[in-house]
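Please take these sequences and the hints and turn them into a complete structure.
Protein chains in written order, with our numbering: chain A, 1 to 320; chain B, 1 to 320; chain C, 1 to 337; chain D, 1 to 337.
Note that these hints are calculated values from the structure, not bench results.
All values derive from a computational prediction rather than experimental measurement.
Just so you know, not all the hints are guaranteed correct.
[What the hints assert, rightly or not] When the alpha-carbon atoms are kept at most 25 Å apart in a straight line, the in silico DSS-like pairs for lysine-lysine are as follows: (1) D:253 x A:43; (2) B:4 x B:43; (3) B:4 x B:194; (4) B:43 x C:253; (5) C:253 x C:44; (6) A:317 x A:4.
[Unchecked claim] Covered by chain B, according to a simulated footprint, are these stretches of chain C (three or more residues, beta-carbon under 8 Å): (7) 37 to 44; (8) 109 to 120; (9) 155 to 169; (10) 191 to 200; (11) 322 to 333.
Just so you know, even glycine gets a beta-carbon here, dropped at the ideal spot from N, CA and C.
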Amino acid sequence: MALKDLSYSEAAVLALQREMQADPRVIVLGEDVGRGGIFGQYKGLQQAFGDERVIDAPISEAAIMGAGVGMALAGLRPVVEMRVVDFALCGMDELVNQAAKNRFMFGGQGRVPLVARMPGGIWDASAAQHSQSLEAWFAHLPGLVVVSPSTPQDNYGLLRAALACGDPVVYIEHKTLWGLRGEVDEDIAVPLGKARRVREGNALTLVSWSRQMQACAAACDALAAEGIAVDLIDLRTLWPWDRETVLASCARTGRLLVVHEAVQVAGFGAEIAASAAEAAGCRVARLGAPRIPVGYAPVLEAQSRVGPEAIAAAARKLLG
Amino acid sequence: MALKDLSYSEAAVLALQREMQADPRVIVLGEDVGRGGIFGQYKGLQQAFGDERVIDAPISEAAIMGAGVGMALAGLRPVVEMRVVDFALCGMDELVNQAAKNRFMFGGQGRVPLVARMPGGIWDASAAQHSQSLEAWFAHLPGLVVVSPSTPQDNYGLLRAALACGDPVVYIEHKTLWGLRGEVDEDIAVPLGKARRVREGNALTLVSWSRQMQACAAACDALAAEGIAVDLIDLRTLWPWDRETVLASCARTGRLLVVHEAVQVAGFGAEIAASAAEAAGCRVARLGAPRIPVGYAPVLEAQSRVGPEAIAAAARKLLG
Amino acid sequence: MDPSNSGTALYRAMVRIRAFENAAETASQGGVSAYGQQAAGAAKVRGPLHLSTGQEAVPAGVCAHLRASDYLTSTHRGHGHTLAKGADLARMMCELFGKATGFNGGKGGSMHIADFSVGMLGANGVVAAGLPIAVGAAHAQKLLGKGNDITVCFFGDGAINRGPFLEALNWARVYGLPVLFVCEDNRWSATTASGPMTAGEGASARAASMDIAATQVDGNDVFAVHETAARLVAEVRGGSGPRLLHALTYRVKGHVSVDLAAYRDPAELAAALETDPIARARGHLLAAGVGAAALDAIENAARDEVDTALAIAEAAPWPEPGAAYTDVQTTGAGQWH
Amino acid sequence: MDPSNSGTALYRAMVRIRAFENAAETASQGGVSAYGQQAAGAAKVRGPLHLSTGQEAVPAGVCAHLRASDYLTSTHRGHGHTLAKGADLARMMCELFGKATGFNGGKGGSMHIADFSVGMLGANGVVAAGLPIAVGAAHAQKLLGKGNDITVCFFGDGAINRGPFLEALNWARVYGLPVLFVCEDNRWSATTASGPMTAGEGASARAASMDIAATQVDGNDVFAVHETAARLVAEVRGGSGPRLLHALTYRVKGHVSVDLAAYRDPAELAAALETDPIARARGHLLAAGVGAAALDAIENAARDEVDTALAIAEAAPWPEPGAAYTDVQTTGAGQWH
Ligand SMILES: Cc1ncc(C[n+]2csc(CCOP(=O)(O)OP(=O)(O)O)c2C)c(N)n1
Ligand SMILES: Cc1ncc(C[n+]2csc(CCOP(=O)(O)OP(=O)(O)O)c2C)c(N)n1
Ligand SMILES: [Mg+2]
Ligand SMILES: [Mg+2]
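Have a look at this one:
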């Protein structure tokens, strides 16, 4: 096994290198990818694979996504770069009405094996138009797979799995995790749809994903100091989500807290909480951002952040 | 009081007439509105108010929505016609990043009083790209009001309220309710954010909206025959939704069933169910479409419909 | 051209489209609620049905130069494109009937008619949505070194006012892709005349501004379309990069089959009917010495083929309910709630 | 023009923009994670900061012809537009610092800088998003019969490859709206050269194809911009309908303040610096007999104004946390979960 210490972005680059070496059909298209992408998530790939496979695109999100669909139908496996999820809104018809529905709508005549990378979440001090978390939208849409990795290892493994799965995948990295370092084992395959238990505990089931896992871990430390052992689960894939793991944990703990960075109202936490309440009949609580746009000033932006204290408090409330 | 027997579409036309007569700032823009709109929901308005106030637009959803934002900022109160919610996907940046965020992002310097009409739901035999229900998306977005009327009276009252409220409103009429007739009292004001109790009962709280209210009423008949009295609530406004009325009913019945036409996964029913489970700790269940695209053939389309039998069955399960 | 061979072939192509759509039109009455009509529900062909009646010369003339390995993207008005690209007429009718034996297994209907096996990548319910998909397919053809296959992208005059039109044409030119854009300029966008909604000279001028050579042609003269398309297709196959064919035609029927188009000046329609592409082609062919009997035989054969298709579609089985759960996606299949 | 008055006014307008952005640039180092940089967090100006250094002549020359009742829509690179339209420099700096006294109360920052009170409807974080908003504002001006007010819409050369560019220009022409489109062609789109990504001759050619008269101008010659804009603004005010000004300039700095632009040929930058609009204007004015002292005084005044603004912004209070819950929406305010 080959262990490497990599950043979240380096792990993604490595995953793309492996897939592009193994499969000539895998290509990349998007703005600025030739310079490695603004977050370095394509660093060196155009130099290594040429500008026909790592394609610099005009500022044309609709055409980037739509061309990705056409390329996929014609036998390629495009990685479609949207820069941030906020700009993917400029290619929504192409993603929702075309990529997601093509296979079904045409009765299985075609396939759209495409990975649309659209980093999400609060990008420090970037305000309302660059800070959204929209994973719940994509989980709501038949035809799409939704992935949201929280570590370099998962970003490596899940990006490879996404490219291999053959479905259109909305791949949501976090705008501020790029520098996060960690050990990456190239030989570990991370399956789609399987959550990861990060901590074991019987007091409470805590489910989260992406950057929010860090705040949850910190909250677990605080709770552990109080003798509260939390079952912390990183969902990793939001669709299909790992009902089995989550509901089994809920059955054990009888209490579920779902935490995400997205606005709480109609966020994906509602789906998990409602499912647990329906299936396990356990007590549920959610913690997400208030239904407000993300502001620029640090004090305003902080209102949209879900921190360890708030998480621990919500856990105590659920236990009390 | 002036009682009229009107169709759902005629009620909307009447509401627009009233508002346009009362306020010269109210205008309409969209494709084919000059011929009354393809559903007759603008019938006669261009003839009455001229083509400068009822504006025929090119097939340019991004510009229609974006121009609506600019018009609103400059002092008009545009009714923005998207034809169907499925095509509103072509103007998502303009709705989500511009209309919804403008007021906050610029610190309250501007207002975007705009009503974006985007009929939703299954339009018989129109398949995957013309049959979506996306209200949960818009409820997730700070800045937006989301309305979904189920009767002519509510379409009249809520459309007027939407035009008066001064916020950007996503106004989702149902693609197959246009012909529905009913009594309309022009003097009844229907407030945003207030649900309507359609039937009284203590066995179960049943919450729904839009066309699905009809299936729910039919299910209530079946259940009533079994001696099960249902508290049936028409949410009418999805954001802000009437927590008070719904949670009070849940506290009384101890059981909540939410039914909607949208895909169940990450649908707005999850928000209501999760809220009730959190607040009232009552037993909850949801019933929505399976996570599949809507097919064309009647037998396939039927798989995405939530009918009275399924609703009654879900109610019995929740009670048993 | 020598009208006696390919001339009759073009005639046949148009006549089959006309016959197919006439039958579909009849079967679709009461099939959708819109334009003041309430769906009866009993219609065999349901949902919005967009007819290309009067525009048959464009797909017939263009697709005569295509092979199965060439791709084609279509619009909501795609029956003609699909037939001309070589799809089986009976299976198309089955799809319009929503039967399991249709090309999409009943999942798509008219607005999503397609036959990927002959390179027809599908009609589309979203105006202009086919353009970015077409340039992507052409991009793949170039990268995969697919001989000299090309992609043909049909779209309407109203579609040029949607952003993806610009993004796709720019894309095609920037990467020098083998794509032929074909604007079917029928002068209408649903119930709205396209002219007043369109700045400048339309598709040709906009293409030229993006350095894509555009050629206008009388879209109701199948021989002119055939001849012009021959040159453009040859150029695109030869590696010229994108070209645009701007075909001037007219939408004879309403926007959808239940639309009576009462908003239209009858004189405009009457004038257009004078230039019906099938009648004109028939005149040309007769003048060129083709016997009336031969042409009548073509028309009768088309009618017979359509009647047979109707019978096949009528007799064909409905999809299994379970088909609603197939071809959604592979990952997570089975998790529907 | 008589350089002694409005000439120095234009010079002053450019110098103030340069001084403001130099200060903001310094205050922004370590303010954002991207382009290989990690945010330190300590920066006074945080988030992406897009500088218009070297492009000052365009807003200065164009906005000299505008009044507060004219509207302006901007881009992500909007400091120059905002200052030139008449916004208070200190309140702008407060907004960049995220303070309560900023134009947006700290809710927007640089990417959303705006002063609606002088008709500046805002910078925008989404490329090309300002174009449809601009035509809507101009549409309202026309419908509301707002005297002969106009809307000026700034956008970059990269923005012309987004669909809304086409949709907005078509819209403006179709309804004959009083809008002046101004393309700031600085030859770059973030880290990508715009040329190879753009088919045809760019903004001017595309505007012409939609029947919108376009004029190219040396965007680094403030007097040329001023003179050309004078004519175009007069035409638009006079009811000519839309016009487009294509200003050729150059982005001297990186895409954002932390972008070192190492991907760029240094010779290209060096050549561009030769044509710095401020240095050129200074030369013109000296040649025209304006005293060096007068120009120095303008520069010193600008630096002083910026230093004062920095002090004001530094001393200004942060927004109350509760401000995060104001101006979201009226209906349902208070229901945050
Ligand atoms: C994005 C989008 N907007 C609106 C519609 C509704 N619609 C369907 S066809 C049509 C007219 C299209 O006109 P054109 O492109 O000229 O094609 P034609 O119908 O004339 O063949 C419209 C507005 C749609 N399907 N998609
Ligand atoms: C829709 C969208 N796509 C991508 C981006 C990221 N982005 C910000 S500025 C920019 C370059 C814009 O180039 P141009 O329009 O020429 O303006 P300039 O930066 O040169 O002033 C890009 C790609 C964005 N903000 N919005
Ligand atoms: Mg047309
Ligand atoms: Mg530029």
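Taking the hints in turn, this is what the structure says about them:
1. Simply put, residue 253 of chain D and residue 43 of chain A have alpha-carbon atoms about 22 Å apart, close enough for the 25 Å limit, and the pair holds.
2. Our distance criterion of 25 Å between C-alpha atoms is met by residue 4 of chain B and residue 43 of chain B, whose separation comes to about 17 Å.
3. With a C-alpha separation of about 23 Å, the suggested pairing of residue 4 of chain B with residue 194 of chain B holds against the 25 Å cut-off.
4. Of the supplied pair hints, the one linking residue 43 of chain B and residue 253 of chain C holds, its CA atoms being roughly 22 Å apart against a limit of 25 Å.
5. For the suggested pair residue 253 of chain C and residue 44 of chain C, the alpha carbons sit about 20 Å apart, so the restraint of at most 25 Å is met.
6. Of the pairs offered as hints, the one joining residue 317 of chain A and residue 4 of chain A is violated, with about 41 Å between alpha carbons and a cut-off of 25 Å exceeded.
7. Only residues whose beta carbon comes within less than 8 Å of a beta carbon in chain B count, and the segment 37 to 44 of chain C has 3; three or more means the coverage holds.
8. By the rule of at least three residues with a Cβ nearer than 8 Å to a Cβ of chain B, the coverage given for the segment 109 to 120 of chain C holds, with 3 such residues.
9. Counting residues of the segment 155 to 169 of chain C whose C-beta sits closer than 8 Å to any C-beta of chain B gives 5, which meets the bar of three, so the coverage hint holds.
10. Look at the segment 191 to 200 of chain C against chain B: 5 of its residues bring a Cβ nearer than 8 Å to a Cβ of that chain, three or more, so the hint holds.
11. Check on the segment 322 to 333 of chain C: 4 of its residues sit with their Cβ under 8 Å from a Cβ of chain B, so the three-residue criterion for coverage holds.
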